[in-house]
Amino acid sequence: KNQVEQSPQSLIILEGKNCTLQCNYTVSPFSNLRWYKQDTGRGPVSLTIMTFSENTKSNGRYTATLDADTKQSSLHITASQLSDSASYICVVIVTGGFKTIFGAGTRLFVKA
Amino acid sequence: GAVVSQHPSWVICKSGTSVKIECRSLDFQATTMFWYRQFPKQSLMLMATSNEGSKATYEQGVEKDKFLINHASLTLSTLTVTSAHPEDSSFYICSARYAGGSNQPQHFGDGTRLSIL
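Chains as they are written, first to last, in my numbering: chain Y, 1318 to 1429; chain F, 16 to 132.
To be clear, the hints were calculated from the coordinates, so they are not data collected in a lab. Wrong hints could be hidden among the right ones.
[What the hints assert, rightly or not] As a list, the in silico DMTMM-like pairs of lysine to aspartate or glutamate whose alpha-carbon atoms are at most 25 Å apart:
no. : chain 1 : residue 1 : chain 2 : residue 2
1   : F       : Lys56     : Y       : Glu1371
2   : F       : Lys29     : F       : Glu67
3   : F       : Lys56     : Y       : Asp1386
4   : Y       : Lys1318   : F       : Glu78
5   : F       : Lys56     : Y       : Glu1332
6   : Y       : Lys1374   : F       : Glu78
7   : Y       : Lys1416   : F       : Asp125
8   : Y       : Lys1416   : F       : Glu74
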């Protein structure tokens, strides 16, 4: 069964600290993996997109990694800011684009 | 670039009313549009996928007669919630993708919060 599991469910960190969010998937065949940021009451915004041949992709303070062998991805946020408070959603696309599998998301709270 | 506009952003209406939500790709042609539903603290649930000029493909458990989807042009898709009831209250989000297949990202609208009294 195609599944995407994210951990932790929620996370509280202090402003300026780093954090890492995890995503494990069992999707097959795998096409690409994306991380989205969703602010409360808004639509998701794409942070990174990686195909199976890419190991890492950065977007400013966000760095995503992918291990296609272990089917794990992580999103590392450096020097967190209050505006990073949001839900971060891991999305895996099945080859052919016929199915998009969403993780349940990690809710990140950055405190001053 | 790649902006998706959703309208209205918030609607409150009486039970039994039909509500239409519009999703527009402002600066690109969207061959495929997706409609999602999201309950509080949960992830997005895909309701249907529509390709321009074709009938929408609905996910299992989604009533096509309840949620009417029209994708008449490459920049506009509409979702009509017919005879809405309180259990239809939710956050509805659309996304659009241009030609190029699954490697192209989905660009999301900002959602429509629907409250049925």
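For each hint, the structure was consulted:
1. Distance hint between Lys56(F) and Glu1371(Y) is unfulfilled; the C-alpha atoms sit about 31 Å from each other, more than 25 Å.
2. As the CA atoms of Lys29(F) and Glu67(F) are separated by approximately 31 Å, the hinted pair breaks the 25 Å bound.
3. Between the alpha carbons of Lys56(F) and Asp1386(Y) the distance comes to roughly 31 Å, so the proposed pair goes past 25 Å and is violated.
4. Note on Lys1318(Y) and Glu78(F): the hinted pairing holds, with a Cα-Cα distance of about 24 Å set against a maximum of 25 Å.
5. Distance check on the hinted pair: Lys56(F) and Glu1332(Y) sit about 23 Å apart at the alpha-carbon level, within 25 Å; holds.
6. Using a Cα cut-off of 25 Å, the hinted pair Lys1374(Y) and Glu78(F) is violated, with the two alpha carbons roughly 39 Å apart.
7. Of the pairs offered as hints, the one joining Lys1416(Y) and Asp125(F) holds, with about 22 Å between alpha carbons and a cut-off of 25 Å not exceeded.
8. Between the alpha carbons of Lys1416(Y) and Glu74(F) the distance comes to roughly 10 Å, so the proposed pair stays at or under 25 Å and holds.
The earlier numbered hints that this structure contradicts are 1, 2, 3 and 6.
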